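Q: Protein chains in written order, with our numbering: chain R, 185 to 713; chain C, 31 to 124.
Derived by calculation from the structure, the hints in this document are not laboratory data.
This structure is a prediction, so every number in the text was calculated from the model and none was measured.
Virtual Cβ for every residue (Gly too), placed ideally from N, Cα, C.
Careful, some of the hints might be misleading.
To be verified - Away from chain C, derived, C-beta distances all over 10 angstroms, residues of chain R: (1) 225; (2) 236; (3) 253; (4) 307; (5) 469; (6) 472; (7) 515; (8) 588; (9) 589; (10) 617; (11) 635; (12) 680; (13) 681; (14) 683; (15) 686; (16) 687.
Claimed, not checked - Derived BS3-like pairs (lysine-lysine); straight-line CA-CA distance at most 25 angstroms: (17) R/252 to R/277; (18) R/449 to R/579; (19) R/363 to C/50; (20) R/492 to R/678; (21) R/252 to R/242; (22) R/492 to R/682; (23) R/449 to C/96; (24) C/96 to R/682; (25) R/678 to C/50; (26) R/579 to R/501; (27) R/449 to R/492; (28) C/50 to C/83.
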Amino acid sequence: MTETKTTETTQAAQAAPEASTTTPAPPADPAHPAELDALPAFSGWAAKMPYLRDSKAKRRRKVMRSLKEAIIRSGLTDGDTISFHHHFREGDKVILQVVSQLAELGLENLTLASSSLNNCHAGLVEYIRSGVIGRIYTSGMRGELARQISAGGLLQHPVTIHSHGGRAALMETGELKPKVAFLGVSACDEYGNANGFTGRAHCGSLGYARTDAQYAEQVILLTEQIVDYPNTPASIRQDQVDFVVEVDEVGDPSRINVGAVRNTKNPRDLLIARRAAAVMEFGGYFEDGFSMQTGSGGAATATTLYLKDRMERAGIKAAWALGGITGTLASLHEQGLVGRLLDVQSFDAGAAESLATSPAHTEISAAEYASPLAKACCVDELDMVILSALEIDLKFNVNVLTGSDGLMMGASGGHCDTAAGAKLVIVVAPLIRSRIPTVVEKVSTLITPGDNVDVLVTDYGIAVNPRSVGVAERLRAAGLKPTTIGDLYEQALKICGKPRQIERGDEIVGIVRYRDGSVIDTVRNVPSA
Amino acid sequence: MRIVRAAVAGSLESSDALVKVAPNDELEVDIQSTVMGQYGDAITTVVNETLEKLGVTEGFVSVDDKGALDFAIRARVQGAVFRGSDEQPDWSRL
């Protein structure tokens, strides 16, 4: 078919669509169809894949001698997007290793898209200053990096803050299109089959990394060890991986459960956790076969322990738990109290070990976990979720990003994703943290809308959102004496005094995206930081 | 009360304050706080009031506050001054 004819057909199709589908134009010469000319002729079984002739070359073709070589081979250029996972949390050793190499290669103005950033990434400030990093997409940030960005004047463009589900959605819509995903794994084979529980440094689930492996144009695996083929089950698969590089270290798994996902012995956190477990029992969804997630934060993770006693006493088992899986949840699973674990991120060694050994403990990707654009996601089937808050206001809106000093110091995480999906959303937080009230008139940064929050559990009392029909009555019937959020607000003010508003500048340093990609809030700089 | 030796009270734990006192010719008060932006005025007021009630008119007083509530700040300032002085406090004024 010639070009002219194609045009004619198109025009005909526009004029009379029925005619074009019923009477296709016959080929000019049935013995020589045009599509045949466009196809290459066979020229030998390995003509296009010469490495197949050599069993050694076949095996080694993806394995690069150095990170530098892999970066050069990837074709990464100025202005491209690079992506990372944060499964090692505070123990991550990939991001700075890669970025310093990119700086050495003279690359500039890159967009750094990590599923999250932590205290350990303070070293990025230097590379932002020198122009290697021009933009950042992340779920959150902490420490010195967060302070310097929050102060303003560091980054040319505001940081995009997204939720875990929202990040997968940004990749699905194509707004976030990594040219290269640099994914740290403890071990993989030469073809790039990797999981988080072989090798030395086990991070457990590689759920966030899986979404990067799916959407990035190229995938470079940084591995501590190359193991025998096939390294199955593979979280990141050979058909997704372009290059494999052996490096000394990708992460320190002992630093996964420090910071936000620490185990608490703080009596105040334990008090809140105990109350939260009671709210879970009497909130209306505690029946055999329920599902749950406990987020990060001392009190949230500790709730699992108290819930266990209540489950045993009532003879009730959970069908599944989602998350953010902790060793505590894994032990409940092992004892048969939780049927299945859906694990997008393992919070400690216990969870990683369980993922490696239990067939009912499976890894899920960020998109499966929480993307509103995925064809289905797990958060939509949650019964109950326990979440943290830096601030919660009189309308139950929650901030988990900016601290009372106005600086970014947390992460959006799966907060708004799980809150949108779960039937009973319980926020746990101390009423006062170092004199700063958690309950405020209006949150300084909106992450999760109050429409999606049902109960606030604090050390000074429990408040139920008036929108949550029947919950307050059920808790009252169980003797829990819920109060109003207004009352908690007044209590906090009485104890702490009214805090003075932090002065903010005019520069927008953060754009907060809701999980569907819309802008739910912005963060302005704090000049005094 | 007259401060005759260096003394310390409190800790750097969250929600506490570390107060140090030392002899000095005039009264010098230095206040640092993790919540200076939100509660700086309130902290300064409670420190000055406490020193006044104790009758401290000279000495060096440093407060490193980690978000302590007023009652804790008051107690830490009193404690440091008691330890740094040989005089008995006038309890009726406190």
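Q: For this structure, which hints from the list above don't hold up?
A: 8, 9, 10, 12, 13, 14, 15, 16, 18, 19, 20, 22, 25 and 26
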